[in-house]
Amino acid sequence: MRKQRAGGGFWIQTVLSAVTLVAAAVTLLWRDWIELVFGADPDAGSGEVEWALVSALLIVSLTLAAFARRGWRRSAETAASA
Numbered sequence: 001m002r003k004q005r006a007g008g009g010f011w012i013q014t015v016l017s018a019v020t021l022v023a024a025a026v027t028l029l030w031r032d033w034i035e036l037v038f039g040a041d042p043d044a045g046s047g048e049v050e051w052a053l054v055s056a057l058l059i060v061s062l063t064l065a066a067f068a069r070r071g072w073r074r075s076a077e078t079a080a081s082a
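Residue 63 in the working numbering sits at position 63 of the sequence shown, and the numbers go up by one each step.
The hints are simulated quantities; they were obtained by calculation from the structure and are not laboratory data. It is possible that some hints are incorrect.
[Unchecked claim] Distance windows between CB atoms, simulated: (1) Arg74 <-> Ala52: 31 to 39 Å; (2) Ala25 <-> Trp72: 38 to 46 Å; (3) Ala25 <-> Ser81: 37 to 45 Å; (4) Ala76 <-> Ala40: 42 to 50 Å; (5) Ala44 <-> Arg5: 50 to 58 Å; (6) Ala6 <-> Glu48: 35 to 43 Å; (7) Val37 <-> Ala80: 45 to 53 Å; (8) Ala18 <-> Ser75: 15 to 23 Å; (9) Ala80 <-> Val19: 26 to 34 Å; (10) Trp11 <-> Glu35: 28 to 36 Å; (11) Asp41 <-> Trp72: 25 to 33 Å.
All C-beta atoms in this analysis are idealised placements derived from N, C-alpha and C, irrespective of residue type, glycine included.
Between the sequences and the hints, there should be enough to build the whole structure, so can you do that?
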């Protein structure tokens, strides 16, 4: 039985998925970080930019996780057929 080996793309996608998920969580918990880091208030305190950022980060995170899962399954299929 061969050992399954994931490629570099899998690990990059997995790490980036985790990073974007953490960034989304940080934005949910600490909503004024954009104003503190950039010194500007792009939405005049309404929170629209933060919600848009959280939404975008979650979409990116889920997409990257799906690609990583697909890569993991392909490597499993390759290992099983070898």
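C-beta pair Arg74, Ala52: status relative to the range 31 to 39 Å that was hinted: holds, 33 Å
Outcome for the supplied range 38 to 46 Å, where the beta carbon pair is Ala25 and Trp72: Roughly 24 Å apart at Cβ, these two residues miss the hinted range, so it is violated.
Whether the CB-CB distance between Val37 and Ala80 falls inside 45 to 53 Å: Cβ of Val37 to Cβ of Ala80: about 47 Å, so the range 45 to 53 Å holds.
Range agreement (Cβ of Ser75 with Cβ of Ala18, hint 15 to 23 Å): Roughly 19 Å apart at Cβ, these two residues keep to the hinted range, so it holds.
Satisfaction of the hinted span 42 to 50 Å by the C-beta atoms belonging to Ala76 and Ala40: With Cβ atoms ~47 Å apart, the hint holds.
Verdict for Ala25, Ser81 (Cβ pair) under range 37 to 45 Å: holds, 39 Å
Hint check for Glu48 and Ala6 - Cβ pair distance inside 35 to 43 Å: Once the Cβ atoms are compared, 38 Å apart, the range 35 to 43 Å for Glu48 and Ala6 holds.
Pairwise beta carbon distance, Trp11 to Glu35, judged against the given window 28 to 36 Å: The hinted range 28 to 36 Å holds for Trp11 and Glu35, with Cβ atoms some 34 Å apart.
Beta-carbon spacing of Ala44 to Arg5 - inside the hinted bounds 50 to 58 Å or not: Distance hint for Ala44, Arg5 holds at roughly 51 Å.
Cβ separation of Ala80 and Val19, checked against the hinted range 26 to 34 Å: holds, 31 Å
Outcome of range test on Cβ distance (Asp41, Trp72; 25 to 33 Å): The hint (25 to 33 Å, Cβ to Cβ) is violated, given that Asp41 and Trp72 are roughly 42 Å apart.
Going through the hint list in order, the structure does not satisfy hints 2, 11.
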